[in-house]
Each structure stands twice: as C-alpha cells, then as structure tokens.
Amino acid sequence: MSQPVLVAIAVAYLLLLFAIAWAVERGSDRLSRLTGSSVVYTLSLAVYCSSWTFNGGVGKASQTGLDFLPIYLGPTLVFCLGPLVLRRILRISRANRITSIADLIGARFGKRASLAALVTTIAVIGLVPYIALQLKSISNGLAALSSSGSAAGIDGPVLADGALWAAIVLTIFAMLFGSRSIRPGEHHPGMVVAVAVESILKLIILTVIGLFVVYWLFDGFGDLFAQASQVPDIGAVFDGSSQPYGYSWISMTLLAALAIFCLPRQFQVMVVENVDERHLNRALWLFPLYLLAINLFVLPIAIAGRLILSPDTDPDSLVLALPYLTGHPWLALIAFLGGLSAAASMVVVEATALSLMVCNDVVMPALLRVKRLGLAEKSDLTRLLLWIRRAAMAAIMALGYLYMRHDSAQFALVSIGLMSFVAVAQFAPAILGGIYWRNATWAGAFAGISLGFGIWCYTLLLPSFARSGALGMEFIAHGPAGIALLRPYELFGLRGLDPVTHATFWSLLANIGAFVAVSLVGNQRPMERARATMFVDAVDSGEVAQIMRRTALVPDLMTVTARFVGREKAVEAYANFARTRGVDPDTTMRADAETVLFYERLLAGVIGAASARVLVGAVVEEEPLGMDEVMRILDETSKVFEANRQLQEKSYELENATAELRAANARLKVLDRLKDDFVVTVNHELRTPLASIRAFSEILRDHAGITDGERREFLQIVVNESERLTRLINQLLDLSKIEANGSMPVANSKVDLAEVARESVAAVRQVFAENRVGLSLDIAVEPAHVLGDHDRLVQVTINLLGNAVKFSPPETGKAHLSLRREREFFEIAVSDNGKGIRAEDREVVFERFRQLGDTMTDKPHGAGLGLAISQRIVAQHGGDIWVEGAENKGAIFKIRLKAMPSKISGAKRAR
Amino acid sequence: MLRKTARRDRVLALFGAGVLLLNPPIVNLFSGYVFGVPALYLYFFGVWALVIGAVALICERGAGQAADGGRDTPPQ
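Line by line, the protein sequences are chains A and B. For the first sequence, our numbering gives the first residue as 1, with consecutive numbering after it. For the second sequence, our numbering gives the first residue as 912, with consecutive numbering after it.
Same shape as in the complex, but just chain A (with noise of 0.2 angstroms):
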C-alpha cells in the first residue's frame, strides 16, 4: 500500500470519529443519553491504553516477557483503593469545580498561582515525549504498513513523513473536540463518547489479531507455548532461569498506580468529565476488567513476534507486522486503524487537558495580573480563552513532534513512555497529602514538587538528550566534568538499578522528603489552613465562606462573570443559587462570603481556580484576618463539628434506649390492668353462682314448707349454678395450664377439619333448635387435614357456635358455619346475624374475661374465657383467630390453620 492511500484512510477513519462527537453534542437525545452511562465512562477512563499498550506492550513482551504487565497492575491496585481514594479526590474535585491536576493541587494550597504554573509546567515537559512516543507510534505503523518499507519513516523528508500529516490531522481534531466553545464545568460529551468509541475498537482488534495470531498462525496456545519453549532466552522467561523479577517491577507498579490519577488525561476523564459519582462505582471494577482483556493476547502476540519475523524487525511494530509479512495485508491495517485509534484518543485527551491547564493556571492568571492590557475591563473573554487554549494545543503538539524528530529514535516506546509517568508521579506526593494530611503547605508542596522535577531532569531527561546525541555520552558514563558520584543513572554511587527505577527512587524520595520536612517546619498561613480544612475535612463550603469573610457588590461579581461564562448561563447559575438560599436575585445588592464563593467557583468551572482567584479578588473586599484569629476560628469549627458528632451519636442511642423503656412501660401498665381486671372479674365470676347456691341452699334449709314444685325448681338452679361454676373453674384451670407452658403440647396428629366441622355442628344442633336459631353447614374442601389436636378444635369450633346462637336474635336468627380452602390454608368461619361487633372491640373480644355490652345492665352471657382460650388454641396449632363483619350483618369469626402438606396427607393415608 502506497502511504497517501494510508494516510487518506486513517484521515477517513478520523473524521468519522469527529462526525461520533458533532453527533453526541448536537444533541440527538439518544446520543446525549450515552454520556450519562457507566460504561462509556468507563470506556473513556480507557484512553490509559496508548499506542504504549498497542504497539509498545507487545514490543516490551517480545523483548522481557511478562515486564509489561506492571503498567495495569499498579491501576488495578489503585481501583481497589478506589472507594476511599479516587471518591475522594471525585468529591472535592466536584465541589471545588476543579478543572486540571494543576488546579487542584493550586486550589488546596492556596492563593499563590505559581504552584499550578509550576504543576502545568513539569505536565508539559514530561508529557511531550508521551505525546511523541503516539506520534512515533504512528509513523512506525506508516513505515510498517507503506509498500515502499522504513524509507518514508522519520529519516525521510519532512514533508513526506506520516506523522507530521498525522500531528496536523490529531491538533486539528484536538481544537475541534477539545476547545469548541467554553462550558462551565469543562464537560466535553463528544469527545468522551469518541474515546469511548475508539476504546471499543481498540479491545476488539487486539483481540481479533490475538485470535488470527493463536489460531491462525499456530494451533492454539499450547502449540505457541510449546515452539517458544525451545527458544532459550525466551524459555529462560518462564522456566524460572532468568533473572527473578525485582525492584523494577516494583517501580513500574508503584509509577502505574499514580499516574492513573496523576495524568492529566486520567484526571481530564476521571474527574473533570465525570457527570455522576455512582458511575465511578461501576467503573472501579470494568476499568479493570478491560485492562486485563485488552492484555490477554500482548504475550502471545510478542512470542509470536519472535518465532516467526527476523530478529531485526522493529519489535514496537510486531502487531501490524505480523499479519502484513504472513500476507494478510488487510488485517494488517485494521491492526494499524487501533493503533491509530490508541494513540489518537490519547493525543486528543492529553492535548484538551494540557491545554486547558495551560490557559488557565499559566496563560490567563499572567494576562490579568498585567494591568496594561486592561483584560479584566474587556466585556467577552471567551473568544480569547478559546483561542489561548488553541494556541496551546498547537504548540504542545508541535513539541511533540519536534521531539520524536529529533530525540525518540533510538528508544522504545515503553521507555518514553515511562518517562512522563516518572514526572508526572512528582505530582502524588502533593496530591495525597493535599487531601488527607491537614498541616502540609504551600511552601512544602513546592519544595517537594521542584525537587522531585529537578531529579528528574537530571536522571532522565539530560541522559535521553545524551544518548541521543544533544549531549556527549561522556556525561551518562562519567558524570558531569567526570564527578562520578553524579552519573545521572548512577546517582550518588547508587548501582543496580535500571535508569527509570534508578530515577523513581531518588525523585520520590527527594520529592516527599522536601514535602514532609518543609510543611513541618514551615507555617500555614490563615488562608492555607482555611482550604486546608476545607479539603482535608470536607467542611461544608459555608463554613469556611465565613472563615474567609468577603463581601462584594453583586453587579461587580456578575460583570465579571458574565465576560467569561457568558451572561446568560451567569444570570441563570446565580438565579438557581439565590432561590437554594431564599434570596431575591433581582433586589440583593450586597454579596456574602458564601456568595462570592458561589461566583468564584461558576468562574473557576471556566477558567481555573488560580485565574479565578485573582479575577474575583479584584472586586471582593477582604476583610483582614489574624492568624490567631483565624486558627480559633478553625480549631473551634473542628472541636464542634467532633463534640457535633459524638452528641449525635449520643443521642441517637439516648433516643433508642428511650424508645424501648416507653414500650415496655407501656405494656407492663396494660399487663397490670388486666391482671387487675382478672382479679375483679374472677371474683365476680366465682361468687355469683356461689351466691345464688348458698342463697336457694338456706332456704331449702330452713323452710319446712316448700312445695315440692317449689324444691325441684330450686334444686335445678343449684345443678345449674354449681355446673355454670365447674365450667367456669374448668375453663380457667385450662387456660391458666394453656399459659403457664405458653405452648400446650398439642397432639400432633392428622385433623380433618371436615369432620371436626360435622362433630361440632353435631354437638350444638340441640342448643340451636332450643334457641330457635338456624344453622347451615358448607363444607367446601374435604378432606381438609390439618396437624393438630382433634379435641381442642372442637372445642374452639364450638365456642364459637356457641356464641353464634348466644348473640342471633331467636327466630330470625341464622348462623353459618363454612370450611373453604385459601391456598395452603384452611379457612372455617362461623358467622351470625346478630347485633356483631364494633370495630373498635375486633381486637378486644379475645381478652379475658372481655364481654361486649353494657356489663351492668346487660345480663352476662359466659364467663368471658371462651373466645380467650380458642385464641390460645388456635395459636398454638400455628394458626389465626380474628372477627370480621358490619355492625348490622352480625360478626364473622374466621380461623386460618396451615394445610398439611399433600404429600404428608397421602402418605398417611396409605399407611
């Protein structure tokens, strides 16, 4: 293939990624809705794999085995920490509107923005080779894939070099995705769901090519293994002969695992475009995922690589060369359409954030603190940020490529790569203890940050001059005029280390070590340790509003909003605001302190916290506060939000224990006016047919005179009184052994509840025919076999038979007494036409001794025990007893028991 038919391809394959983007962020709803979804924002987090994991993974592989695979160790790792750390760094970003890595730590250790110009400045230097190794990447691919071989590679003319066109093409692309228009929030859906979409492609056409390679070109992985196996050093990789792994796969871990929050695209994906906490979640354990899945082909690709190509094939361009020299040149480009897609999603992201922190921590707070230029009077800035921002884009990517020209071609890609994550991990130290270690300062912040860089300049950067050429290779073997001591990849005699881990240790060390030190012995200055306790603590932004005490003119703060979020979207944040807090915005003259911050965070979602920062301290009055003053206030804040909490917790117990004594009061008084109730009524009870006994019993003592009609009358009411007694004192001898063992042992045997319907209606139709009462069976479900005790059921069916002739008017009165089945219940209701019951005694009528009516002028039907003791019954055969029915229509009483399993049933029947 001839390389302008290439590269009109990849272009092709580029702008139908831009026309994905236009789509999303014209709005189609469908499309928008993407940008709301965990997955495409896990997708987007997946701009991680550059061509480094495309093109430069499967060449690390083929060189040292399974040396690539720290690099998605260590993100794992932090993802496992993602709960606590990577939701927190989330949440504050959220609050503060923090747009870039540089704002963040510029917006934790406060005012001074030459601590964000120097994070934007090391983003720069270090990502440059990163950026370089996408491009070199590219043209690799280009040279790779052009009939006319490495001849048009990065030794040819400029002009004819696919990756100049390639650099254009992804600027252009860059300014397009990444600086449209300005939006508070610095939210770009289109390119978020583009890389999300290139991420996709990415993970399939490793894996396609992985297949080809597995089992096309070999017979599976076993038969892969097996031919790798007789090459000695690539045997020597997994027979356990080589070199065991050591501090470099340590390092490379460790540098992995900042940088996926560390670098700007990583924190630009993460955070800054991050529409919804929840999707993190979801993210923490996918991301992951689809850094193992998109790894699973790298080693078989790489041993591929080096059974079947000449050992002097570019190890960095195996996967294109691989299909293209086995003669599919097809696949050969979907392979390097991937790798397009890798290194594109990358360039663009890195490119958006670089430049965004570029604008606003380095370009703009510069541009406004020069008066001269009269920015902060000018009416709309937005055109002059976007064009700053373009501007930047444009240079950072002709660095890029200035530095792949002149520099990249002796390294791999892993080791440029590696580079950039080694400065940008300078930026943890400050990043971690900004958001958990209360006391670290501006002044540590910087020490440690500047030094850490410095480090890294001196291992890394001069010595990749020097082995390029820039520099002599005198000053990588001896040191600097021969002081051996300061060999840059041996730095204080320390040997034995590879130069990235070499350079790892020493910037790190050197880095936290200035940190620490610094912010211990330094002074947090009022306003450090108001953001301080605003990030450390999460405070509420209110309060440290207060803390920070600014007044302003609304008007002032609105002017200058609107010049840089435009003053609709200014007037229509600031009317949401006010109505939050009952403000009229129309009429309100004087901002608060939590207003203006309200305003210098809408400006910071624009332009950055530094720039926005010095724009709205421009128009607040400050008021001047002491240290003292401001450390009471602080320290006040923090002892009351503690004695705050643990009150709450107090209380909160307090409240529980309370809860449950008013209970149990409660019951204990009920249970007592019942035991009273119990008391009155049993002696009611027990000396009323007493009474009456003893009563007729004197006087057929003492008159002689009786006629013998008179005798029997009376002695029948004694029968009556002392049977009515040794029912009464049978039915209180049950109950009373019902409730001493709460669980009556019940026989358990099989019941047909049919039959014990049929024996009661049996038993009570004599009682029903003397009170002139009707009484229907309806017998719906037979057998109806329920565990139980046959005698006790009967008795409890009885009762309230009983009952039921008690309360029907005679003559009219009709009771009804029917078993039906009620799914894996049996139901029997017994129902009368009588006077019923009120609602209000539905849960009463079971109580003891409870009789409905006016005790005292109503005749007493019973003793009050019998719907009692059916109650316990039933609850002991597992069942319920409750009372329905309308006032007019007579009551309803129904009992549910638990239907033998069938199972059971006929089993027993059989036997």
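Because the hints were derived from the structure by calculation, they are not lab data. Treat the hints with care, as some may be off.
Unchecked claim - Quick partial rundown of chain A residues pointing at chain B, CB under 8 angstroms, derived from the structure:
(1) Leu-66
(2) Cys-80
(3) Pro-83
(4) Leu-84
(5) Leu-217
(6) Phe-221
(7) Gly-222
(8) Tyr-245
(9) Trp-285
(10) Leu-292
Quick reminder that beta carbons are idealized off the backbone N, C-alpha and C, glycines included.
Position chain B relative to chain A; hints supplied.
The following block gives chain B in isolation, referenced to the frame of chain A:
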C-alpha cells in the same frame, strides 16, 4: 457507620493482598508450565481476575450506600 468502616477495612485488605500477590518476591515463586501454558502467565491473569471480582463484589454491593452518601453532590 459500622458498615462503612467494614467496607473500608475490606477495601484496604484487598489492596494489601493484591500488592503482595502481584509483586516480587511472591511472583518469582511460579515457573514451569501447566497444560502447556506458562504457570506465571496463568497465575497473573488468575489473581488479576480474582482481585477484579472482589472489587466488583465490594463496590456493587455498596452501590446503594454510596448513592446515599452522594446526595450532597447531585448529578448535574
């Protein structure tokens, strides 16, 4: 409050286990071949998958809780 602490402890323990299992010197214990595939290759991807599975269990189970905790920053 208790549940939150338990989750934090689990997350920390998982992180510690992952760091130990996926770094030297433990990784140097594996050599040779299992079913014709290098044992080290199987070991890495196996442990990796296990760690991911554990993270998924912890995070997805705690998702509702996290959503509660996220009330102070409503989605925009």
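Here's how the hints hold up against the structure:
no.	hint	verdict
1	Leu-66	6 angstroms, holds
2	Cys-80	4 angstroms, holds
3	Pro-83	5 angstroms, holds
4	Leu-84	6 angstroms, holds
5	Leu-217	17 angstroms, violated
6	Phe-221	5 angstroms, holds
7	Gly-222	4 angstroms, holds
8	Tyr-245	4 angstroms, holds
9	Trp-285	4 angstroms, holds
10	Leu-292	5 angstroms, holds
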